[in-house]
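Asker: So the sequences go chain by chain: A and B. For the first sequence, numbering that gives the first Met the number 0 gives the first residue as 0, with consecutive numbering after it. For the second sequence, numbering that gives the first Met the number 0 gives the first residue as 0, with consecutive numbering after it.
The set of hints was computed from the structure by calculation and includes no laboratory data. Please note that a few of the clues may not be correct.
[Claimed, not checked] Keeping only pairs whose Cα atoms sit at most 20 Å apart, straight-line, the calculated SDA-like set for lysine to any residue is:
hint, chain 1, residue 1, chain 2, residue 2
1, A, K102, A, Q118
2, A, K256, A, D59
3, A, K256, A, S30
4, A, K225, A, I276
5, A, K225, A, L89
6, A, K256, A, D228
7, A, K225, A, A75
8, A, K285, B, H88
9, A, K256, A, Y63
10, A, K285, B, R27
11, A, K285, B, R131
12, A, K285, A, V267
13, A, K225, A, V10
14, A, K285, B, F86
15, A, K285, B, M129
16, B, K180, B, R27
17, A, K285, B, R128
18, A, K102, A, L89
19, A, K285, A, P238
20, A, K285, B, L89
21, A, K256, A, P238
[Stated by the list, open to error] Sample of chain A residues with no beta-carbon within 10 Å of chain B, all distances over it, derived:
hint, residue
22, E3
23, L14
24, F41
25, I135
26, F137
27, P142
28, V188
29, V203
30, L207
31, F227
[As the list claims (entries may be wrong)] Just a few of them, taken from the derived set where beta-carbon distance is under 7 Å, the chain A residues facing chain B:
hint, residue
32, S183
33, L185
34, D190
35, G193
36, D228
Ideal Cβ positions, reconstructed from N, Cα and C, are used throughout, including at glycine.
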Amino acid sequence: MERENRFWRVVLLFLPLSVFAVFVVWPLFSSFWYSFTDWNGFNPDYAFVGLDNYARIWTDRLFYGAIINTAMWMVAAIVLPTLLGLALALLLDRQIRGARIFKTIFYLPICLSAIVVGQIWTWIYQPDWGLLNAIISFVAGEPFTHAWLARPGSALWSVIVAWSWQQTGLSMVIYLAGLTAIPSDLLEVCDIEGATPWQRIRRVVVPLLIPSTIVVIALSVINSLKGFDILYIMTGGGPFHSSDTLAMHMYNESFKKYLMGYGSAISVVLFLIALVIIGFYFRQLKRIDEIYG
Amino acid sequence: MARVTLENIRKSFGTIEVIRDVSLDIDRGEFMVLVGPSGCGKSTMLRLISGLEDVSDGTIMIGGRDVTRVAPSRRRLAMVFQSYALFPHLDVAGNIGFGLSLARTPAGEIERRVRDVAERLSIADLLTRMPRQLSGGERQRVAIGRAIIRDPEVFLFDEPLSNLDAALRVRMRLEIARLHKALDGVTMIYVTHDQTEAMTLADRIAVINQGRIEQVGTPMELYHHPANTFVAGFIGAPAMNFLDGAVDDSGAVTFAGVTIMPSQPVSRRGRATIGLRPESFRLAGTGEADLVARLDHVEPLGAETLLHFDTPLTVRVNDVVPAVEGDTLGLVVDRTRIHIFPP
Numbered sequence: 000m001e002r003e004n005r006f007w008r009v010v011l012l013f014l015p016l017s018v019f020a021v022f023v024v025w026p027l028f029s030s031f032w033y034s035f036t037d038w039n040g041f042n043p044d045y046a047f048v049g050l051d052n053y054a055r056i057w058t059d060r061l062f063y064g065a066i067i068n069t070a071m072w073m074v075a076a077i078v079l080p081t082l083l084g085l086a087l088a089l090l091l092d093r094q095i096r097g098a099r100i101f102k103t104i105f106y107l108p109i110c111l112s113a114i115v116v117g118q119i120w121t122w123i124y125q126p127d128w129g130l131l132n133a134i135i136s137f138v139a140g141e142p143f144t145h146a147w148l149a150r151p152g153s154a155l156w157s158v159i160v161a162w163s164w165q166q167t168g169l170s171m172v173i174y175l176a177g178l179t180a181i182p183s184d185l186l187e188v189c190d191i192e193g194a195t196p197w198q199r200i201r202r203v204v205v206p207l208l209i210p211s212t213i214v215v216i217a218l219s220v221i222n223s224l225k226g227f228d229i230l231y232i233m234t235g236g237g238p239f240h241s242s243d244t245l246a247m248h249m250y251n252e253s254f255k256k257y258l259m260g261y262g263s264a265i266s267v268v269l270f271l272i273a274l275v276i277i278g279f280y281f282r283q284l285k286r287i288d289e290i291y292g
Numbered sequence: 000m001a002r003v004t005l006e007n008i009r010k011s012f013g014t015i016e017v018i019r020d021v022s023l024d025i026d027r028g029e030f031m032v033l034v035g036p037s038g039c040g041k042s043t044m045l046r047l048i049s050g051l052e053d054v055s056d057g058t059i060m061i062g063g064r065d066v067t068r069v070a071p072s073r074r075r076l077a078m079v080f081q082s083y084a085l086f087p088h089l090d091v092a093g094n095i096g097f098g099l100s101l102a103r104t105p106a107g108e109i110e111r112r113v114r115d116v117a118e119r120l121s122i123a124d125l126l127t128r129m130p131r132q133l134s135g136g137e138r139q140r141v142a143i144g145r146a147i148i149r150d151p152e153v154f155l156f157d158e159p160l161s162n163l164d165a166a167l168r169v170r171m172r173l174e175i176a177r178l179h180k181a182l183d184g185v186t187m188i189y190v191t192h193d194q195t196e197a198m199t200l201a202d203r204i205a206v207i208n209q210g211r212i213e214q215v216g217t218p219m220e221l222y223h224h225p226a227n228t229f230v231a232g233f234i235g236a237p238a239m240n241f242l243d244g245a246v247d248d249s250g251a252v253t254f255a256g257v258t259i260m261p262s263q264p265v266s267r268r269g270r271a272t273i274g275l276r277p278e279s280f281r282l283a284g285t286g287e288a289d290l291v292a293r294l295d296h297v298e299p300l301g302a303e304t305l306l307h308f309d310t311p312l313t314v315r316v317n318d319v320v321p322a323v324e325g326d327t328l329g330l331v332v333d334r335t336r337i338h339i340f341p342p
């Protein structure tokens, strides 16, 4: 019986594990390998170059720009959806009229693909007839034609806003679930002890939402590290690399300049950064688990 | 020290009325226990007193002040919850001093008062621990500490011992009784479904059933003079035996084929429900049995033995009974402890 069970376990695991091996493990190790070569992505002949690609990273000015942009992107992509999601959850958790409809509306963007979101916001940012400039023109009472996505100063932030608009719904839903899990008697203690609404949020609700915050931040970090498609559709990393993130830079080096070896080295660095952040996340999870069980 | 008065309190959730015209007067310094089966409305009543729920109708007075529409924090009361309701992110000191810190009390004073309360509750060595690191009894004490640090006039306890194991429950019961004495004059309102807790802790008990108060009285009043079969059946363990019977014109009571003349006069005549506590019987000597019944099950409890007869009847005797299931035993009824209820 036990032997038969083991047989079926192996058989049933084989298919998903093979898919995982072919589409995740193999490309991962291939990337590692290609990062030590000068492969251009097409030519079957390529040479082992050791750590040359990694050495080149140190002298790549665009890489540093991409690191700074990635840091800005990550911080904003974590902070904005987290704070907005928390604020929306706190607002909509109360028994207010239409809360259910608002929850659906705010959650809707996360159901759209990043390409669709990117396209919608590209239209919104359109300098001549975009919604944003139209509103600003209306409020200011004079024509306003700022090219949000075509100016180095505003391109990255414009994408961050679009990204936050999409991601906030997810944070909101996680926080709403977290709020539901807060035992009602803890909130009743606040009522009896005379906590003001602000004290209640700051001293009780927010600390009790730390497990949800950890999940929100982890998802934001992972999603923002993967954040490529929306940048690709809205700015392509431009103008003048002003919205180049590591993922974008890797793509440009690999598929536009055909430097697959160098692109792989960038992807390995991105992978290591993700590894450090996720390692930190798991350590925090363990700590949180010790406090909140 | 405050008197708590409920006047014609009603509470409905939608179309369902859970508290039905309840009036109750709780003296200052009194330990009042609200007891009743699950879902009878006793916790709702406590929540109405605390202000966590609004009354649908009626008035609540605390210390002569109408607090019906007053916020919970302004009613000068403290509440200990069934789940302890400790904040998992605060240590013991943080939990006890929570209310003081909300009121922006200086840190030094918070520390001094927290230590003072912790010492009174013998948890001074736990002040830096997190709630997760505490046992059930310790958590309960922290919850009580958070309540007493506020110097409330009224203490509300919502089934505070129901999450503890049997041995700890007995110990904490004693501690709560001591606390009531130590807090000299603080009114306590305690909700429980456990009639042993009610009997041992209360100055007076209010028995609640389906949102109504069935009877209010001292534990012994309720035990010896229950107003109806509900109170009689709820107070006392094992429960009172109820038998169909009748009272004839002379006042003699007939049940289970036996006719007995109670020692006190009986006002009711005709069909009745006869209530007999398990200890209202003794095993009969030769020729003195009032009734004879077949033994169904024997529960030896050490200090006493419970005999379950097929009548059905439960009898408590203080001796070890050498009888076994299936034996037929004679029983003598205590004439002074026969309860007559409407059928």
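Asker: None of the hints should be skipped; say for each whether it holds.
Answerer: Going through the hints against the structure:
no., hint, in the structure
1, A/K102 x A/Q118, "violated (23 Å)"
2, A/K256 x A/D59, "holds (14 Å)"
3, A/K256 x A/S30, "holds (17 Å)"
4, A/K225 x A/I276, "holds (13 Å)"
5, A/K225 x A/L89, "violated (28 Å)"
6, A/K256 x A/D228, "holds (19 Å)"
7, A/K225 x A/A75, "holds (14 Å)"
8, A/K285 x B/H88, "holds (15 Å)"
9, A/K256 x A/Y63, "holds (18 Å)"
10, A/K285 x B/R27, "violated (49 Å)"
11, A/K285 x B/R131, "holds (14 Å)"
12, A/K285 x A/V267, "violated (27 Å)"
13, A/K225 x A/V10, "violated (33 Å)"
14, A/K285 x B/F86, "holds (19 Å)"
15, A/K285 x B/M129, "holds (16 Å)"
16, B/K180 x B/R27, "holds (13 Å)"
17, A/K285 x B/R128, "holds (18 Å)"
18, A/K102 x A/L89, "holds (11 Å)"
19, A/K285 x A/P238, "violated (42 Å)"
20, A/K285 x B/L89, "holds (18 Å)"
21, A/K256 x A/P238, "holds (17 Å)"
22, E3, "holds (43 Å)"
23, L14, "holds (42 Å)"
24, F41, "holds (56 Å)"
25, I135, "holds (43 Å)"
26, F137, "holds (45 Å)"
27, P142, "holds (53 Å)"
28, V188, "violated (5 Å)"
29, V203, "violated (7 Å)"
30, L207, "violated (7 Å)"
31, F227, "holds (37 Å)"
32, S183, "violated (9 Å)"
33, L185, "holds (5 Å)"
34, D190, "holds (5 Å)"
35, G193, "holds (3 Å)"
36, D228, "violated (38 Å)"
Comparing the model with each earlier hint shows violations of hints 1, 5, 10, 12, 13, 19, 28, 29, 30, 32 and 36; every other hint is respected.
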